[in-house]
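Peer 1: One-letter residues, chain by chain:
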Amino acid sequence: MADKIATREAYGKALVEFGAKYDFLVLDADLAEATKTCFFKKEYPDRFFDCGIAEGNMMSVAAGIAATGQTVFASSFAMFAAGRAFEQVRNSIGYPHLNVKIGATHAGITVGEDGATHQCNEDLATMRVIPGMTVLCPADAVEARAAVEAAINHDGPVYMRFGRAATPVLFDKDTYVFKIGKGIVMADGEDVTLVATGMMTAMALEAREMLKAEGIDAAVINLPTIKPIDAELLTEYARKTGCMVTAEEHNVIGGMGSAVCEVLAETCPVPTLRVGVEDKFGASGKVMEMMEVYGLTPANIAEKARQAVKLKRS
Amino acid sequence: MEQSRKNELRRIATTIRIGIIEEVYHAASGHPGGSLSMADIMTYLYFEKLNVDPHDPAMADRDRFVLSKGHTSPVLYATLAEKGFFPKEDLVTFRHKGSYLQGHPDMKGIPGVDMSSGSLGLGISSACGMALSAKYNKKDYRVYTVLGDGESEEGQVWEAAMFAAHYKLDNLCAVLDFNGLQIDGPIADVIGPAPFDEKFRAFGWNVIEIDAHDFDQIEAAFTAAEQCKGKPTLILAHSTKGKGVSYMENNCAWHGAAPKTEQYEIAIAELKAQLASI
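Same order as they appear, the protein sequences are chains Y and E. Numbering of the first sequence is given in this note's numbering, commencing with residue 1072 and proceeding in unit increments. Numbering of the second sequence is given in this note's numbering, commencing with residue 113 and proceeding in unit increments.
For reference, chain E alone in the conformation it holds in the complex (with noise of 0.2 Å):
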């Protein structure tokens, strides 16, 4: 990748860090640690890869996102709004009472998303079911997913990865967050869901690691992933929880709980400065 494209994504992802604590901070509440971690990779998705169009967001072939882990709403809101399906000033209504901007993606209220999600393991089945869709109806739109580590405990995903390598969905592409922490700890001491790649390509996967923070591997994963036929692709993305803000990063305390205004502040500046430093 251009060494200029490179720094427009970084400082994209960057901005989309600060709406995330922008998002969190305001609302008191919400999760930052997992927003952070898949800012980069979103970015990418967003304003490299998903054919989608702000100014027509119920599009009719467009490519399909869903969050699976929907907790991690304020990753796709502050993306969504970057890309400018709806005003990036909302993003400071996030939680609150009357706002469109509910603490877990509402498909019917928020332009841009694809489907309703948030209670985990469910949102993969329904990316299998968009992409099944589209086979059925001879459409070439793809559907992407972003999945937890954590969320992998939940029994359907695994049913929802025989699924679609059953039905041969090599149009769907998931990407794992593999930040290795969720709310009770790190995932290996709370019940091991790892190793994710053996158990993926088990499934009849197509499994690709890469480093969810650099460029070039995001978009040779991607690439990869479309040029594969006859099953569906894991992208396994090894991540920093609380990726970009120094005291959130790789702290499992920061999964769920929003930075107070000193905290906040010091967040802001961190980002600030990665920013002006692109």
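So here's chain Y without its partners, still in its complex pose (with noise of 0.2 Å):
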């Protein structure tokens, strides 16, 4: 865990990377520089369009391309990819089914010093519920450039969800093969079972040891792709360890963390208990401030492992 990379930057990193392989066009609105699409747009000028401050239509532009048969990458804010131009991403790229993939960096608090109007807690929420959508939050730099590929390999449309801040580097980049739909086991466990996303999973990881000094076994899966959820190894887990805690950088309504309960409710109802922001929302601080004011730290993780443990016993 010595490296700490964006996944913003992992993004940007695997657009060159992947521009040379795949033909694709990329679009921002007057973020490149933050988005990262800035390294695309210097290494492949004319397969690069900034759209200006206008995210709406930037969507369905991207929609127009696409329904020529052309991919398309769409970049912003998660809040203006997801927020503001919700009924874009909805009617235009989504009801058609278009070959848009949505890079949408600067998802959850950890936007940090902007505050709560850039610090979206939402868009997993908005995205999820567009049928046809597929889902992504990768934990690290090397899943987030392996999602990239991934979405590019896609028939369909894309969101994929990348953080601001510099985050611990879980997976090694010669190995790691991401499978869309498919969560992955990062340590196994059999009294609680820890779900996390993008960055909360390196937190699961370290909630696991805090537990691990009280004797509670915790298993760890990392569950890259929000939807399709993987309601088959959730059951198996919720089977096997017969409690859950979830733990994302989103609101704990209507992201991974009801999409989890959504699938246990139906296979394996046992005790889940959600990390994440409370339904509140943001505020300025440095990142690391904002996790703890928010309850999205290890400490946490492992509190509410402990009571769902409990819950379990009694």
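Quick caveat, the hints were computed from the structure, so don't treat them as lab data. A few of these clues could be false.
Claimed, not checked - Heads up, simulated BS3-like pairs for lysine-lysine below, C-alpha to C-alpha not over 25 Å straight-line:
(1) E/K220 <-> Y/K1298
(2) E/K311 <-> E/K343
(3) E/K247 <-> Y/K1113
As the list claims (entries may be wrong) - Chain Y residues, not near chain E, derived (Cβ > 12 Å throughout):
(4) E1303
(5) G1325
(6) R1384
Quick reminder that beta carbons are idealized off the backbone N, C-alpha and C, glycines included.
If you follow the hints, you should be able to join the two separate chains into one complex; please do so.
Peer 2: Here it is, written out as structure tokens:
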């Protein structure tokens, strides 16, 4: 866990890398320096189009490009891609199931100092309710790179969620394979399953160590695909460990935790506690300060795990 | 334009108007007013201008058409049926359960529909995307879109207008159906989106004003649009909402209402009389 790289950085580099292998265009809405599509712009200036500060137009333009058979990426902050442009994503891209790959960066409260208006804790919810939309949330730079290639090869719209902050690298670039719809067991365990997505996966692994010291054996599942969700793996671990904790940098309403509960309520109802932003808006502050304020910490995951184990036993 | 050709186009346009009335009557819903206003322009596009093949709707380098004001799907469907993309008998299934003729255009289910549309302001942006893709891929097909005057109250129309001019999309031609009426009343009373000519010129577009029901002017406008290089063209088409059905003309009550049986019979009789008189 020595290296720390932001998933947006990995996204930008992946566009350049795969730009040599695949024919796609990239759109941005005046945030290329921040979303890191600037790398692609520099390498392939004739394949990059700035749409200006007009995200709704950008999404519908992307749909038009895709309707001609040309794959295209559209990038902005999560707030504007999945928030402001929700209706364009739904109607222009989702309804006709077009090959638009949305690269949304600066998701969650790790936007930090910019504060609530730019901290999107709702995008997993708004994107996963669109029929046919694939929703990806990579845990580290290696998974982010692989997610980009998986999205290119996937037939249909994909929403990719990337973060601003540098986060630990968990996977090995040479061996990692991204399979859309598949969760990854990071560590096995018997007493509780910690299901995490995005930057929370690294924290779930830390929480596991805390719990181990107390004699609680926690499994950790990384869920890089929020939709279609890996119901099989979740059900298997619900049966095996009897209780779950979910962890995401997103509102606890409507996001990955909700998606896990939806699955387990139907297949194997077990106590499931959710770590996430507790239905609040964000605020300005340094990234780690904000994670503390909103309870997105290994300590809070471990605490919820203790509660979940207690609930299972009662 | 030769008189014989003009008469043939008039016959087609009137047949399309009959199709529009059949659709909305049998659906007991839909939008006849803004469909009837565009029947002549749609006739010209599909029977004179567009490089499309009803037997190969997905033909690679075909011209593209996006009905940005997607609620006027009846005119698009009646035109596509007349052109042979699907059976004319299917028009009466418009808006019915199980029919592919959805209330608003659906590119996945309807032969000849290049873009799903209906949420206002989105279609012109998608048309921009198609035109940009044509430029990038060095294809010479053209992209056409039809906008509503009320639709241009959507901010996205102007985002798209800025985009099209910036990227010099001279392979894009937008027609603005300037009939002056929207659901809540005259556009001037609702929010006043005009003047369109000055606005689009200020956004960097080539603007051509025409009478939307005069085939000579329609032809001249589309020819001029094709010849204009370096900027997109807006054809500001002054039209009559409800054109061809006396009681629907210039009456915003017919924006989104279907005729009752007696009204339907009057409309069909009027249109058939027009057809016979050409």
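Peer 1: It remains to establish, for every hint, whether it holds in the given structure.
Peer 2: Hint check:
1. Our distance criterion of 25 Å between C-alpha atoms is met by E/K220 and Y/K1298, whose separation comes to about 22 Å.
2. Among the hinted pairs, E/K311 with E/K343 is consistent with the structure: their alpha-carbon atoms are about 15 Å apart, no more than 25 Å.
3. Annotation: proposed proximity of E/K247 to Y/K1113 holds, straight-line Cα distance about 20 Å (limit 25 Å).
4. No Cβ of chain E comes within 12 Å of the Cβ of Y/E1303; the nearest lies about 29 Å off, and the non-interface call holds.
5. Here Y/G1325 stays apart from chain E, with its beta-carbon at least about 23 Å from theirs, past the 12 Å limit.
6. Look at Y/R1384: its CB is around 51 Å from the nearest CB on chain E, clear of 12 Å, so calling it non-interface holds up.
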